[in-house]
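K.L.:
Keeping the supplied structure of chain W fixed, place chain F upon it in accordance with the hints.
There are 2 protein chains.
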Amino acid sequence: MPPLDPPEPLTQTSPFPSDSVGLVAPQRMAFDIPLELEGGKRLDAYELVYETYGTLNADRSNAILVCHALSGDHHAAGYHRPEDRKPGWWDVCIGPGKPFDTRKFFVVSLNNLGGCKGSTGPTSTNPATGKAYGPDFPIMTVGDWVNSQRRLGERLGIRQWAAVAGGSLGGMQVMQWSIHHSECVRHALVIAATPKLSAQNIAFNEVARQAILSDPDFHDGRYDEYGVVPRRGLMLARMLGHITYLSEDAMRERFGRELREGRIQFGFDVEFQVESYLRYQGTSFVDRFDANTYLLMTKALDYFDPAQEFGGNLPQAFATSQSQFLVVSFTSDWRFSSARSREIVNALMEVRKPVCYADIRSTQGHDDFLMPNPHYLHVLQAYMQRVAVEIGA
Amino acid sequence: MPPLDPPEPLTQTSPFPSDSVGLVAPQRMAFDIPLELEGGKRLDAYELVYETYGTLNADRSNAILVCHALSGDHHAAGYHRPEDRKPGWWDVCIGPGKPFDTRKFFVVSLNNLGGCKGSTGPTSTNPATGKAYGPDFPIMTVGDWVNSQRRLGERLGIRQWAAVAGGSLGGMQVMQWSIHHSECVRHALVIAATPKLSAQNIAFNEVARQAILSDPDFHDGRYDEYGVVPRRGLMLARMLGHITYLSEDAMRERFGRELREGRIQFGFDVEFQVESYLRYQGTSFVDRFDANTYLLMTKALDYFDPAQEFGGNLPQAFATSQSQFLVVSFTSDWRFSSARSREIVNALMEVRKPVCYADIRSTQGHDDFLMPNPHYLHVLQAYMQRVAVEIGA
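Protein sequences appear in the order of chains W and F. According to our numbering, the first sequence holds residues 5 to 397 in order. According to our numbering, the second sequence holds residues 5 to 397 in order.
Okay, chain W solo, but in the shape it has when bound (with noise of 0.2 Å):
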């Protein structure tokens, strides 16, 4: 006879490291307030969906607001479930003793406008059709996010933020609120981003918009009332994306020319390794993410440019911000480049504003924003510590 199991212990251990914020749940802030866009529309009344992370303080000035990339959304610590084994999208900086430190800061992380993971976006019910967006939800901008994120700081009594922080298109949401509204953020976290994108960044979000858009059953954006969804399109475009993200030698290191058969088949199923991990990138996002969402952020990607209001001048658009920079980039970044942060922190200091300035050699590429570099999250760390947690301080 086998012996018996273990008795189950009496008082029950976290399942998760002792630097992560542990359980969390997501929140809803419903607003009615119409909420003009730049486009020329408006939405009468739309809901946002956030995580907090840490404790505000009394005086409420040690809030962090984090803000997300193409793919991103609200989740960017801890777990939903006892079982995940996956945590938030920026777990490796948020948490106690790590970088955004939660003993320190409340950290807010909401999922943007036009999003597919529970704020307002094209999978929401139109109130006008009572049937989903779908693309009739408006094309959002960097500008329109930033305003609708000025919302729900003001409503949950947040007058500055001692930081707002993103990475990627994450990053060009905190260069819109330290250009727009730099007396709201004490410490601006720029990170793996560019002021505007090139004509080659554009072609490739060209490249995966039409690949959503051309095929059949995207149905000009109204797949659900088909009850289909532009899998392959959406595939597709996260495939391409990939590719954008890691740097050439991360995927000679990763993959090489590993063939999944140790030898040529001589046709078009899988091959070489590279091709297993694209196609399995492509099918798991199309799981979980919506094509319309997915045309609208490159949208306000290819759309952002804040120097152009200032006759394309970038240190003029900085030139009255008075917010402290962090511009953090990767050396292995190929999508949006160390040249292209070099691009930001001249034009700060054209206009001699405080700017702390790294670029970390890195391995993985303009994914690197995500993961636990450690010159990085020193360099987030040692930033951070210096950040004082009294308005005006």
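One should not assume that every hint holds.
[To be verified] Calculated pairs, SDA-like style, for lysine to any residue (alpha carbon to alpha carbon, straight line, at most 25 Å): (1) W/Lys135 / F/Lys135; (2) F/Lys45 / F/Ser280; (3) W/Lys90 / W/Leu39; (4) W/Lys108 / W/Tyr83; (5) W/Lys45 / F/Arg267; (6) F/Lys45 / W/Phe272; (7) F/Lys45 / W/Asp273; (8) W/Lys45 / F/Gln269; (9) F/Lys45 / W/Arg264; (10) W/Lys45 / W/Asn130; (11) W/Lys135 / W/Tyr284; (12) F/Lys45 / W/Val274; (13) F/Lys45 / W/Phe270; (14) W/Lys90 / W/Tyr284; (15) F/Lys90 / F/Lys45; (16) W/Lys108 / W/Gly161; (17) F/Lys45 / W/Ile268; (18) W/Lys45 / W/Pro131; (19) W/Lys45 / F/Phe272; (20) F/Lys135 / W/Phe270; (21) F/Lys45 / W/Leu263; (22) F/Lys45 / W/Glu262; (23) W/Lys45 / F/Glu313; (24) W/Lys90 / W/Thr59; (25) W/Lys45 / F/Arg261; (26) F/Lys45 / W/Gly266; (27) W/Lys108 / W/Cys360; (28) W/Lys135 / W/Lys90; (29) W/Lys108 / W/Lys45.
Hints were generated in silico from the structure; no laboratory data involved. Quick caveat: nothing in here was measured; it's all calculated off a predicted structure.
P.N.:
Showing chain F alone in chain W's frame:
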């Protein structure tokens, strides 16, 4: 009354530039000795379409073989009709006074097997079924192509090529010639090539293939029987290809962030000029290229790895070569970067093979090998001027 038009001249002048080979006509050669393919299949009979420029000399020592890249064909120089506005794809290099000087050399350019411009390929009739081969056309390798090119050379009475030359996938064919049949190749001109694709190169090919394979009009490659073509997939593949053919700088210079209508439209029609360019490139390609051929060509690229049968040792692969080498790369090429060409050069030097190498300062990217870059043309010209046209010279 307006003056009369001047009278037509009695003798007609050429409508083409004086350094053009002028009007050319494709020729066709049939082969009925079976060709055993590396993938294990066999072509019992096939035809090759080719063009020639210049005159084969008495001892047949002045022939140059030109190998084409992914979407190339046999029409490398001159014009098919007097009204043609665009010459063959390598017209900058081939003609009287040009690097492949047709007053001195006899240039042969063919459409590779599996192509769609006249040589036997997926759109040809399969004698076994009486229908188009479609997806039943065997996947070709660079080695298969070189074997078919050898037969063409033999039938033309050319025992040794003065030079074999090609860019990109064409350069891979040159390498294959110089490794396995170097007694037939006095000079090997390897341009904008790589000894093997990187994981990132394969990844781009894989997204292009998935775009075609997942197009509902692809019908497992039998679209011909359905009276359709997988337009969307082939268009996406070509758009993506074009991003990798152009440098980021070239895209910035040509298109920047210029808006076609002068301002943002907040929609999914063409907004930026670069989108317009890509869509045009994509849609026009569909009318002149076959999807099954595109798939084949990308597989030949992925599979090419001449070092593999030498234990991954590239110098060893070149060790017994009797050819002399010119290797050319372009500083702005990010598809097959200069570093990849240097791998070839270093391998050749390691086994003490005669090699000239030029890294051409350029701006356009991978496509530079097709462009009238003066330095590039000068290097080719200087190299070819020293190529003697008697066997063994």
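K.L.:
Could you run down the list of hints and mark each one as holding or not?
P.N.:
To see whether the hints hold, each was checked on the structure:
1. W/Lys135 / F/Lys135: 48 Å, violated
2. F/Lys45 / F/Ser280: Violated: F/Lys45 and F/Ser280 sit about 42 Å apart, past 25 Å.
3. W/Lys90 / W/Leu39: 34 Å, violated
4. W/Lys108 / W/Tyr83: 20 Å, holds
5. W/Lys45 / F/Arg267: 16 Å, holds
6. F/Lys45 / W/Phe272: Distance of about 16 Å is within 25 Å: holds.
7. F/Lys45 / W/Asp273: 18 Å, holds
8. W/Lys45 / F/Gln269: 12 Å, holds
9. F/Lys45 / W/Arg264: 22 Å, holds
10. W/Lys45 / W/Asn130: 14 Å, holds
11. W/Lys135 / W/Tyr284: 32 Å, violated
12. F/Lys45 / W/Val274: 20 Å, holds
13. F/Lys45 / W/Phe270: 10 Å, holds
14. W/Lys90 / W/Tyr284: 17 Å, holds
15. F/Lys90 / F/Lys45: 38 Å, violated
16. W/Lys108 / W/Gly161: 18 Å, holds
17. F/Lys45 / W/Ile268: 14 Å, holds
18. W/Lys45 / W/Pro131: 15 Å, holds
19. W/Lys45 / F/Phe272: With Cα atoms ~16 Å apart, W/Lys45 and F/Phe272 stay inside 25 Å; holds.
20. F/Lys135 / W/Phe270: Distance ~22 Å between F/Lys135 and W/Phe270 Cα, so the pair holds.
21. F/Lys45 / W/Leu263: 21 Å, holds
22. F/Lys45 / W/Glu262: 24 Å, holds
23. W/Lys45 / F/Glu313: Cα-Cα ~63 Å, so violated.
24. W/Lys90 / W/Thr59: 23 Å, holds
25. W/Lys45 / F/Arg261: Distance ~24 Å between W/Lys45 and F/Arg261 Cα, so the pair holds.
26. F/Lys45 / W/Gly266: Holds, because 20 Å separates the two Cα atoms, which is no more than 25 Å.
27. W/Lys108 / W/Cys360: Holds, at about 22 Å.
28. W/Lys135 / W/Lys90: 33 Å, violated
29. W/Lys108 / W/Lys45: 40 Å, violated
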